[in-house]
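Undergrad: Residue numbers (our numbering), protein chains in the order written: chain E, 1 to 368; chain H, 1 to 407.
Keep in mind the hints are simulated off the structure, nothing from the lab. Keep in mind that the hints are not guaranteed to be accurate.
[Unchecked claim] Which stretches of chain H does chain E cover? Using the computed rule of at least three CB atoms under 8 Å from a CB of chain E, they are: (1) 71-82; (2) 146-153; (3) 170-180; (4) 237-249; (5) 378-386; (6) 390-396.
Glycine included, every Cβ here is placed at the ideal spot set by N, Cα and C.
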Amino acid sequence: MARNSVITKSFARTVMLASLVMMALPALSGGDDSDAPQSSATNSQSVNEEAILNGGYVRNLSEFGLFADLTALEPANNVHPYALNAALFSDYAQKKRLIYVPAGSDVGVDDINAVVQLPVGSVLVKTFGYPDAEGVYKPVETRLLLHRAEGWVALPYIWNEDRSDAKLALGGRRMMVDATLPDGSRQQISYAVPNKNQCKGCHSLDNIVTPIGPKLRNLNNGDGSGQIARLQKAGVLPDILPDHPVMPAIDAQAPLADRARAYLDINCSHCHNRKGPASNSGLFLTYQEDNAVALGIGKRPVAAGRGSGGRDFAIAPGHADQSIMLYRMGSIEPGIAMPELGRNVNDEAGLALIGAWIDAMDSSAKPE
Amino acid sequence: MVKFSFVPSFGTVFAVALAAPIMASPAMAKTINVAAEDGAQERLQEALILAETGDEIILGKGTFVLSDGLSLDVDGVTVRGAGPDATVLDFTGQQGSGEGLLVTSDNVMLRDFALINTKGDGIKSKGADNIVYYNLRVEWTGGPKTSNGAYGIYPVESENVLVDKAVVIGASDAGIYVGQSRNIIVRNSTASYNVAGIEIENSFDADVHSNIAMHNTGGILVFDLPNLPQQGGHNVRVFSNRVTDNDTPNFAPAGNIVASVPMGSGVMVIANRDVEIFGNVFDNNSSANVIVVGYQQKFDDPNYQPVARNVRVDQNKHGKAGYAPAFPGGAQLAAALGGAVPPIIWDGVEGEAANVNSSDPVPFLSLGLTTSSQPVSEAQPFMVAASKVTLNLPAITMPEAMEAKIR
Chain E
1 MARNSVITKS FARTVMLASL VMMALPALSG GDDSDAPQSS ATNSQSVNEE AILNGGYVRN
61 LSEFGLFADL TALEPANNVH PYALNAALFS DYAQKKRLIY VPAGSDVGVD DINAVVQLPV
121 GSVLVKTFGY PDAEGVYKPV ETRLLLHRAE GWVALPYIWN EDRSDAKLAL GGRRMMVDAT
181 LPDGSRQQIS YAVPNKNQCK GCHSLDNIVT PIGPKLRNLN NGDGSGQIAR LQKAGVLPDI
241 LPDHPVMPAI DAQAPLADRA RAYLDINCSH CHNRKGPASN SGLFLTYQED NAVALGIGKR
301 PVAAGRGSGG RDFAIAPGHA DQSIMLYRMG SIEPGIAMPE LGRNVNDEAG LALIGAWIDA
361 MDSSAKPE
Chain H
1 MVKFSFVPSF GTVFAVALAA PIMASPAMAK TINVAAEDGA QERLQEALIL AETGDEIILG
61 KGTFVLSDGL SLDVDGVTVR GAGPDATVLD FTGQQGSGEG LLVTSDNVML RDFALINTKG
121 DGIKSKGADN IVYYNLRVEW TGGPKTSNGA YGIYPVESEN VLVDKAVVIG ASDAGIYVGQ
181 SRNIIVRNST ASYNVAGIEI ENSFDADVHS NIAMHNTGGI LVFDLPNLPQ QGGHNVRVFS
241 NRVTDNDTPN FAPAGNIVAS VPMGSGVMVI ANRDVEIFGN VFDNNSSANV IVVGYQQKFD
301 DPNYQPVARN VRVDQNKHGK AGYAPAFPGG AQLAAALGGA VPPIIWDGVE GEAANVNSSD
361 PVPFLSLGLT TSSQPVSEAQ PFMVAASKVT LNLPAITMPE AMEAKIR
């Protein structure tokens, strides 16, 4: 029962209520612990499952034991690096992703357009940082998605100056950060670490916290480096997978429309889908969306306000410069900028890609 | 939209009896005070995160200087200030987020404070059922500007929305905007110097009453738009409002539907059915006091119904109106009608079958159009005789617990 009697602050009342009801009705309370999941501590080495499952608001990143060497960002045993083909733009931050899945658990992969179904006890770790003037990677923040019994919990951690550890920052923080741009130049940007709610602002389906990135086809890099096979060997992904064609990277050798749709999927569709935080917009940008208007083609704005930029349609086919999508991607002004969170500079490569895609449409374009 | 509910499958009377006093126990609720001092952003946001159901977050007097949007995602929390002039959340320096305050949890009450100069919307609540907005002010202090945020108070995709005693000034779209929601009351509120004062859009079952809508471009709008998850807006009552002097030139950013609202519109209905407009006071609305039309733009949505139907206009007081109609073709229409247009105008689509009727003793003009997308220049206008109108929409009521929070 250990995993099923988790008491965190926010759930205290519900759990207390549940316990009282169970005390009142002992015959229905589920019996003993004999069928509880066995601890997989022997397989997880230093990973602290108790902190992952029951730790509440754990104050320091180190307490999870996800890293063998924190300062070097070297993962613990059974914590595996992974990369996405199409990745969310985050102010040119370089992101290092790790995944931990408790040994012996099943990962669900039935829907290739959905995120893989990770079992309770899993953790997704994403560290954001920039190379410093000497080219040494310097982490700014690490965001955790912990799969607890009550659901996914998102927690942001900000690194100490000496990189010895990172501290929980529930309320987020805005701070000046030295960013390194793709051309190697350095620029100070006003970097926003999201607060716990803002994590959910993106990581939300039907108002329930959920991962975004690890979709099977976005993990399938298709370049022969074998990420899927490596994750299978590590026991993260099951041996047998459904057919999962590659979702291409922004600079991959792939059709323009596929790259543009992959970009929109990972940068926009976490809100812009029928169950997401932007469900009310009617603009739906998942990789598999097949309704032209929902994709923005000839779609008028609903609640864009000054985000319309005086333009009539989310996508005016053949005319990127008349499309609201490009206007909002090309602004960093709150109230105009899209995405609303996590971006304080423009993604020039993304703008070029989406601009080229829209310009290539003819006026009767339909999505592919 | 309710995030979770604890309904034991073995929900016996015994269990419920045990549970009830615990749910209601005030001993568990606590008060969290947040002062308007340095570091307000992180302190207030942490308070909003750490609050638990039943808690009340008390905002101190003074100005909270904020750099980013705030958000609340805990059910059953009250956020209370010292009054809409005494407690001010100042977003003039906002650097991120699409709104000042975002609420995504149920049973929340927001009361007695102000937000000013948010970069995007003021307060947005999405999928937040049973929400109460009470005695709030949302204002863009530089007056009407295209660069102001879109909506002041912005509940969307929610059930049971109560807005009471709110003041919204300067929104570049709608001051109080309720979208894609169900069971709504907007009352005792004042909207001025917005493009739209109050707007009910793609929503079902709304009462908009006892409000003041003055000096907007359009006073009160009841709209339905295509290509949205919830559409087919219906059952909206607009009554006992003061809708006068809506004389602010339209400053909405182009592309938005409200950019097409003519200056000087009192109540405007687009493509809704079963709308009752009664007992309002209209005056000095230069386009018209009541405008009832279909959706005029092209659309690609087989599920969308663009025609206004079953609109009943009754017992309103009509002052001066129609003396400078700002809609396309309005000037020519006024010239043809002797210099002004009537205070009540309908596009006439579907004729008598549309059941658009008025009992008010003022001229009521049909444009005699056959489709909603026809321009006014193709109108074949004629006066519609006043007829007896029977109001039959039921009053909207909120769950008693919501009203009790205000009392």
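Undergrad: Please go over all the hints and tell whether each is borne out by the structure.
TA: Structure-based check of all given hints:
1. For the region 71-82 of chain H, the assignment as covered by chain E holds, since 4 residues bring a beta-carbon within under 8 Å of that chain's beta-carbons and 3 suffice.
2. Here's how the region 146-153 of chain H fares: 6 of its residues keep a CB closer than 8 Å to some CB of chain E, so the rule of at least three is met and the hint holds.
3. Here's how the region 170-180 of chain H fares: 5 of its residues keep a CB closer than 8 Å to some CB of chain E, so the rule of at least three is met and the hint holds.
4. Taking a C-beta to C-beta cut-off of 8 Å, the region 237-249 of chain H contributes 0 residues in contact with chain E, too few for the three needed, and the coverage statement is violated.
5. Check result for the region 378-386 of chain H against chain E: violated, 0 residues qualifying (beta carbon to beta carbon below 8 Å, three or more required).
6. Coverage of the region 390-396 of chain H by chain E is violated [criterion: at least 3 residues with CB-CB distance below 8 Å; count 0].
The structure fails hints 4, 5 and 6 (numbered hints given earlier, in ascending order).
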